[in-house]
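S.K.: Protein chains in written order, with this note's numbering: chain A, 1 to 274; chain B, 1 to 355; chain C, 1 to 348.
Please keep in mind that the hints were generated in silico from the structure rather than gathered at the bench.
Do not take every clue at face value.
Stated by the list, open to error - Within a straight-line C-alpha distance of at most 25 Å, the following computed DSS-like cross-link-like pairs (lysine-lysine) qualify:
hint, chain 1, residue 1, chain 2, residue 2
1, A, 118, C, 205
2, C, 204, A, 54
3, A, 118, C, 163
4, C, 165, A, 118
5, C, 165, A, 132
6, C, 241, A, 118
7, A, 54, C, 197
Stated by the list, open to error - Using C-beta positions, here's what the derived DEER-type ranges look like:
hint, chain 1, residue 1, chain 2, residue 2, range
8, C, 242, A, 232, 25 to 35 Å
9, C, 81, A, 50, 31 to 41 Å
10, A, 254, B, 111, 40 to 50 Å
11, C, 81, B, 133, 50 to 60 Å
12, A, 130, C, 317, 55 to 65 Å
13, C, 106, A, 41, 18 to 28 Å
We treat Cβ as the ideally placed atom computed from N, Cα and C, and that holds for glycine.
Listed here are the chains, written in short residue letters.
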Amino acid sequence: MLGPATLFVLAFLLLPMLVVLRYSVNRYVPGGLMLQVFTLENYAHFFQDHYFHKVLLTTVWVSVVCTIVSLVLAFPLAYFLARTRSAAKSLLVMLVVFPLLVGNVVRAAGWMALLDTKGVVNSTLEALHIIKAPLNIMYTTGAVMIGIISIVTPFMVLTLQSVLEGINYSVEEAALNLGASPIRTFAKVTLPLAMPGVIAGTSLVFILCMNAYATPVLLGGPSFQMMAQTIYDQISNTQNWPFGAALAFVLMFVTVALTVIAQMFLQRRYKSAE
Amino acid sequence: MAKVQLRNLTKRYGDFVAVDDFSLDVADGEFVALLGPSGCGKTTTLRMIAGFVEASTGEIRIGERDVTEYPPYRRNTGMVFQGYALFPHMTVFENVAFGLRMRRLGAAETHERVAQALKLVRLDGHVDRMPRQLSGGQQQRVALARALVVQPDVFLLDEPLSNLDAKLRQEVRLEIRQLQQALGLTTIFVTHDQEEALTMADRLVVMDRGAIQQVGSPAELYDRPVNRFVADFIGHSNFFNGRVCGPGEFKMDTGAIVRFDPEAATPQGDVSVAVRPERISFGHSPAAGTINCFEAEIEAVTFAGPRLDLILRCEGDRIIAHVHNSDGNVATERHHVGEQGFAMWSPSSTRLVSR
Amino acid sequence: MPHISRADFVRGAAGATALGLTAMPRLALAADECRQVVVTTWGGDYDRFLKQFVEPPLVAKGVQVLPDITQEPQRMTKLLAERSLKKGSLDVVSFSDASMFQMYEDGVLGSLDFAKLPNAKYILKQFANAYSVPHIFSAQVIVYTPDHIKGAPDSYAAFWDSKYKGRVGIQRTEWVNWLQLAAQVGGGSPSNYEPGKKLLMDLKKNQPRIYPTQETLAAGIANGDVWLTPDWRARAYMWAKGGLKVESSVPKEGALPVVYRAGYAKNAPDGPCCIAYLDAMLDAKAQVEFATNMGYVPTVSNAKLPEDLERRIGFSEEQRAHFYPQDFRYIAKNNSQWLQWWNQEFLA
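Make the full structure from the sequences, and use the hints.
M.R.: Have a look at this one:
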């Protein structure tokens, strides 16, 4: 039976997707309305043009790097938050969540002020005579990664923290007591038990990265393109809905496929963690 | 197994002293219980021995090694945690084998020793179960096997019975004691349950507010408590305040004289007299030859199965006397509220304890 | 089937009409019967100034104005989606030149009877067309920083001047304007921007600075990285107003105009209101306010700007006559191809 929630999802998630799917097999007429036909030419366009392969590859590789870096950064923080009995704990959690209250665009603007040739970082380094000429940090892939990581890391921290909270600290003590070094305790006990959080966190963050728009646009160099931006250009600036829709489906398919493959790999590797 | 020596162990958290100048020698193969109310520092002491808590000052020696600065994974202690702390993602076999694998033992020897350990706790045949598929008692035994299989120098038990129901607790108590004696395990056991401590341990360490109150065998602690805390914590005691007024003579605040054994050690400073309820008898006339005999009136009577508890008003204090239900005729009608008589006990049952 | 009396039916139909459920055309109603108008337009300043300067006289007459704030692509999609309805949800629609033309070509705009617009007679002839009223305009000029550049550059050729190597600012989303501008310099025509591609590839050697947005470009100007860039004169005026030290000069090749327009949807629910609203947009006083507050020039001859403002944002009759014409059909046809070229050749 279809509950109200199912109907809601159907109406507000599935239907728009079906509409976009339909658009993706329409024909683009420059300067006019798209033609309601059934053609795979938009998908063919994607598969034949290396430029779009490059954009997709950039998107995937930036997302993978950002996901891994954010996992590495978030784990110790989440672990600390899960374990601390400090009275300041809720304050610390608030601090982690705080950046989420500021829009992505505003945060990108903040990074611009920091990373610009005359920004805080360069001015400081120059004033300290560490560098002679300003570093070009803005408008590089590195700047995009810094920006995205700063946006997604709170999600990773919160996801990991909720799972780490559920792990009884005494199992780690038991491992130490049985002769496991802290590193082996982490590898054999903490990490396997945290695996549901790692899988949830990396999936969530990877999806966020794959769909990043504002950050790559604002912090990336002129030749830097990720998929969301390319899709927006097609739809908004040239009214090429069919091709934009096809690109959106390619992005969605690749995102889902990679997420599922990664989950299966992690679950198999840590099967006993269940 | 090895002896354990703790020298002037102290743990401070800021201004709070959790463990205060704790010194104790545990002999090879001895079973020592750390006993005290919650917050007395017994668990902190145990965790300092295991290495989870760093001592502020003092020294810990296990065998010939000074392990004070060692991390927990290099101390070779075997700990059983209060909630067992089994690895939920590993089978029984993997749980027990964990410590052996950390010691990089070969597969064949690991299998053999795990099988041995599981047999010891009567859990062979459950090797492939996950911990959540086991009952509380079974989990407890896995935890024991896991700690024992690595042949630790000292066996540490942190309230291992508190998660079991009362009946099971009796059984496991006996089992642990038998295991400990059969294997000659040097064991340090933390509990807040005096009955557990009295029935299992060779020696008891009673702690309060971070400090040792008294160390001794169960009988010593029960019969010769050195202070009011121990006398009250181990079993129950009736106390009378006053002062020593001569050899073997104690003058209560009411002016009455209580006699005690002049040969027994007399503590310094302010003292009280402690008398165990089961040493007090109640009668309508002074029994012949009774030295300590005081008028008393029954204020309440409670039936407690093997005995009857009489709440008496005596020398301005309220005291308890136990009457044994030895003939099955103790029924409450034999004593009644308002009944007048005498509370009597011998000088050897009268202990002087510091206040 | 239950029996329905004739009277019941009439009552029901009347109710449906009151709720706006029927497709009865109301365009026949007189202008003073205007009750409610849905205006789809840009958010921010533009919408704010419409409320402040254009709508008060209508509101005073009891008209309810409902804004529908969208981006142009959304607005176009909405209009097109409602094209087949007898009655749509939008009345007045705002678009820039090119989009308005596309909407006209797509047949979603109602045709205007200018006789019903008292202010129509003041519309500057060069901006008049049959399907919309011009609201405000500006044109693309050379925006430069007088601190670095002595003497106003008088030609788009300045962007290729090696003196300004590394100092030309480009906004990443402005490929059409750059192609057009380059075509003007390099022998193209309003219906052939292709020669511009070669010139833009040459411009790359001059190491222009490319910015993702207008705001980041402004930041580049502020910190001295950028000395000159093409932009609307209105924006140069707003930047200067905001404290940026910039001036602007009209290129001798002829400036490219931009006109923001308004029309009404062919299936607008409220025709009389559309007419009233469009006429109010042309009101001279409202036009002067838009010029003062946004830097865009009035499109009506009876709006007179103060001399100083006129000098900073205006264009002489001669300059207006020399505006570079646009072939919207040509631009729409090639936009997709240009974007591909821009991303894959120019920005690569």
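S.K.: Of the hints given before, which are not true for this structure?
M.R.: none
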